[in-house]
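Model the placement of chain E on the given structure of chain S, informed by the hints.
Chains S and E, in that order, give the protein sequences. Residue numbering for the first sequence follows the working numbering, starting at 5 and increasing by one per position. Residue numbering for the second sequence follows the working numbering, starting at 57 and increasing by one per position.
Since the hints were made in silico from the structure, they are not lab data. Quick caveat, the model's predicted, so the values are computed rather than measured. Quick reminder that beta carbons are idealized off the backbone N, C-alpha and C, glycines included. Check each hint, because a few of them may be wrong.
[To be verified] Not the full set, but computed from the structure, chain S residues with beta-carbon under 10 Å of chain E: (1) Q60; (2) L61; (3) V75; (4) R105; (5) W130; (6) D166; (7) I169; (8) Y172; (9) V173; (10) M175; (11) D178; (12) Q181; (13) E204.
[Claimed, not checked] 20 Å max Cα-Cα, derived DMTMM-like pairs, lysine to aspartate or glutamate: (14) K110(E) <-> D166(S); (15) K105(E) <-> D166(S); (16) K110(E) <-> E195(S); (17) K353(E) <-> E387(E); (18) K232(E) <-> D192(E); (19) K232(E) <-> E191(E); (20) K288(E) <-> D52(S); (21) K372(E) <-> E204(S); (22) K105(E) <-> E192(S); (23) K380(E) <-> D218(E); (24) K313(E) <-> D55(S).
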Amino acid sequence: MSAKLEQLSQSLQDVLGERIVSITNALGELTLVVAAADYSAVATILRDHPDLRFEQLIDLCGVDYAAYGQVGAMLGAHPADQPRFAAVSHLLSISHNWRLRLRVFATDNDFPVLDSLTPVWNGVNWFEREAFDLFGIMFAGHTDLRRILTDYGFVGHPFRKDFPISGYVEMRYDAEQKRVIYQPVSIEPREVTPRIIREENYGATGRG
Amino acid sequence: MAEIQNYTLNFGPQHPAAHGVLRLVLELDGEMVVRADPHIGLLHRATEKLAEQKTWLQSVPYLDRLDYTSMLINEHPYVMAIERLLGIEVPLRAQYIRVLFDEITRIHNHLLSIGTQALDVGAMTMVLYTFREREDIVDMMEATTGARMHGAYYRPGGVYRDLPGQMPRYEVNKFKNAKTVKALNEARSGSLLDFIEDFSNRFPGYCDDYETLLTDNRIWKQRLVDIGIVSKERALQRGFTGPMLRGSGVEWDLRKKQPYEVYDRLDFDIPVGVNGDCYDRYLVRMEEMRQANRIIKQCVAWLRDNPGPVIVDNHKVAPPSREKMKGNMEELIHHFKLFTEGIHVPSGEVYAGIEHAKGEFGVYLISDGANKPYRMKLRSAAFTHLSAMDEMSKGHMIADAVTIIGTMDIVFGDVDR
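The following block holds chain S by itself, in its conformation from the complex (with noise of 0.2 Å):
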């Protein structure tokens, strides 16, 4: 499998020359950076350059990389030089077998815009407003960019990390107005298990 990624590798260099940012081959699989700028331009080539042809685009999601490598408190730690929301895609090619990872980071982080990728896939057209619901990003050329997950007139993104857990608002029936109202969570997070990132080798006792 390895001979064949390098394969795509090198066949990716030559096709995309300048506009690959980034490209690792990890854990049997391969990665692909681009530039916002070039993202639609360089989705087109995927699918239609016959040493590639990724025909089918499996997966897209929105990735909020605000509190990457931190514990304790994450709101407010991420650096405002680096690029916060990427867009994640899983591109699978058919005719030649392999995978390819699509990651494109946008670049203004209160407000990210993408570029859309219905036309090149029309798959990808409900991934992509899950992504605005869920994380916020923008995708420039999609038709219909509405809210699919969360509830008719939700206000937020829930999947960012600044985002509680518990959400902002709860719902339950009021008997004396006689219907459904919203007020502020009554509950507060809880936090079980912290979460604690180990030096590498950690506890490690020579027999494993």
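Just chain E, lined up with the frame of chain S:
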């Protein structure tokens, strides 16, 4: 003269044919669907966000609850992804057990899918038969995992425990007399593997029964043939996988093309459709059940002959045995650290995809070296399939929308996550 306009129909979220909580806003021209707009998210539980707050091991039971018609197979890509990040080898016996239960789950899923699809289009009988066989399968799961549905059986590094040597039996009570109990216990007199083997011998006969009920049934064909046709090109564009892709004539199955676990040692065939309509997808699912049964037979034969460990011996990942833990200080520390702090997974990212009963089910994990995932993304096949609802149902009658929902084999735990 007043102009006749399209009207909008709200289908679900509490409609029995909606397979859960699908709200479908249909724009109709007479009886013809002009536009279908599925509203999903009514069962959204933010599993991915919850996983970020839990240790790696604590998330396993959440995976069961995604696609609650094929439980154990859901855990598979998750534990596989963790194993790849950790770089550990799973014992061969555990791999066979996983494949065995993947295929049992596949049959379970297809039984439910075909049964309820038939129920949706008006064939009441099917679901009664398929649920009868489903009962045997949940019994197998109960004997192995302790739970009829949500097993939490696959663990990073292997499976929780070995297969039981004895199948649980019925006992006489005020509802079942000795004669009934004896008949019920006939297949259960031996071990779990005996029971599974007995089932796999009976199962092709059941498949023949289903086919006599449906395959040449005139009403069934009238409702399914040429409904919801998806061409090869469109299926690829829309990101279809699994039976939905194979129904359109693309020969693609991860078990063959990118084999994981022990699928490369097993002998089975991949059914492929021709026309890409609902009927072809039904035939593909039917044949997949027979092929899954073949795999089960091979796994049972192998598991009988090859005893061995079912989980790795690395106590940073898998707990030590109860006995050792009670008698050895070091093992006690391992046990304590594993269940309080959890596994530490090296930083990195990995995507593990498997051939789920519904299509490709993938788990994308990003780890930053902590005892919890940094980000988990679940790629469910039904989500992508449902996104093609508008395209597939356009121009069809409103009654066909139900057939198309049935053929997509959607489960809302999976779509909404």
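Comparing the hints with the structure gives:
1. Interface hint at Q60(S): satisfied, since its Cβ lies 5 Å from the closest Cβ of chain E, which is below the 10 Å cut-off.
2. Interface restraint check: L61(S) against chain E, minimum CB-CB distance 6 Å, threshold 10 Å, status holds.
3. For V75(S), the interface hint holds, since its Cβ comes within 10 Å of a Cβ in chain E; the closest pair sits about 7 Å apart.
4. A hinted interface residue such as R105(S) counts as satisfied when its beta carbon comes closer than 10 Å to some beta carbon of chain E; here the least separation is about 7 Å, so the hint holds.
5. Against a cut-off of 10 Å between C-beta atoms, the interface hint on W130(S) holds, since the closest Cβ of chain E lies about 4 Å away.
6. Evaluation of the D166(S) hint against chain E yields a violated restraint, the C-beta minimum of about 12 Å exceeding 10 Å.
7. Because the beta carbon of I169(S) sits about 6 Å from the nearest beta carbon in chain E, less than 10 Å, this interface hint is met.
8. Contact between Y172(S) and chain E, as hinted, is not supported at the beta carbon level, the nearest pair being about 14 Å apart and thus beyond 10 Å.
9. Taking 10 Å as the C-beta contact cut-off toward chain E, the hint placing V173(S) at the interface is violated, the least distance being around 14 Å.
10. Of the supplied interface hints, the one on M175(S) is violated, with its beta-carbon coming no nearer than about 13 Å to a beta-carbon of chain E, more than 10 Å.
11. The interface hint given for D178(S) is violated, since its Cβ lies 21 Å from the closest Cβ of chain E, which is over the 10 Å cut-off.
12. A distance limit of 10 Å between C-beta atoms decides the matter here; for Q181(S) the minimum to chain E is near 23 Å, and the interface restraint is violated.
13. A hinted interface residue such as E204(S) counts as satisfied when its beta carbon comes closer than 10 Å to some beta carbon of chain E; here the least separation is about 8 Å, so the hint holds.
14. Between K110(E) and D166(S) the CA atoms are separated by roughly 17 Å; this keeps the pair inside 20 Å, and the hint holds.
15. Restraint check for K105(E) and D166(S): satisfied, since their Cα atoms lie roughly 12 Å apart, inside the 20 Å limit.
16. Distance hint between K110(E) and E195(S) is fulfilled; the C-alpha atoms sit about 9 Å from each other, no more than 20 Å.
17. Taking the CA atoms of K353(E) and E387(E), the gap is about 38 Å. The hint is violated against a cut of 20 Å.
18. Distance restraint check for K232(E) and D192(E): the Cα-Cα separation of roughly 18 Å lies within the 20 Å cut-off, and the hinted pair is therefore satisfied.
19. The suggested pairing of K232(E) with E191(E) holds, with an alpha-carbon distance near 17 Å, which does not exceed 20 Å.
20. For the hint pairing K288(E) with D52(S), the CA-to-CA distance comes to about 16 Å; that is within 20 Å, so the pair holds.
21. The hinted pair formed by K372(E) and E204(S) meets the criterion: a straight-line CA distance of about 13 Å does not exceed 20 Å.
22. For a cut-off of 20 Å, the pair hint linking K105(E) to E192(S) stands: about 16 Å separates their Cα positions.
23. For the hint pairing K380(E) with D218(E), the CA-to-CA distance comes to about 17 Å; that is within 20 Å, so the pair holds.
24. With a C-alpha separation of about 19 Å, the suggested pairing of K313(E) with D55(S) holds against the 20 Å cut-off.
Of the hints listed earlier, those the structure fails to meet are numbers 6, 8, 9, 10, 11, 12, 17, in rising order.
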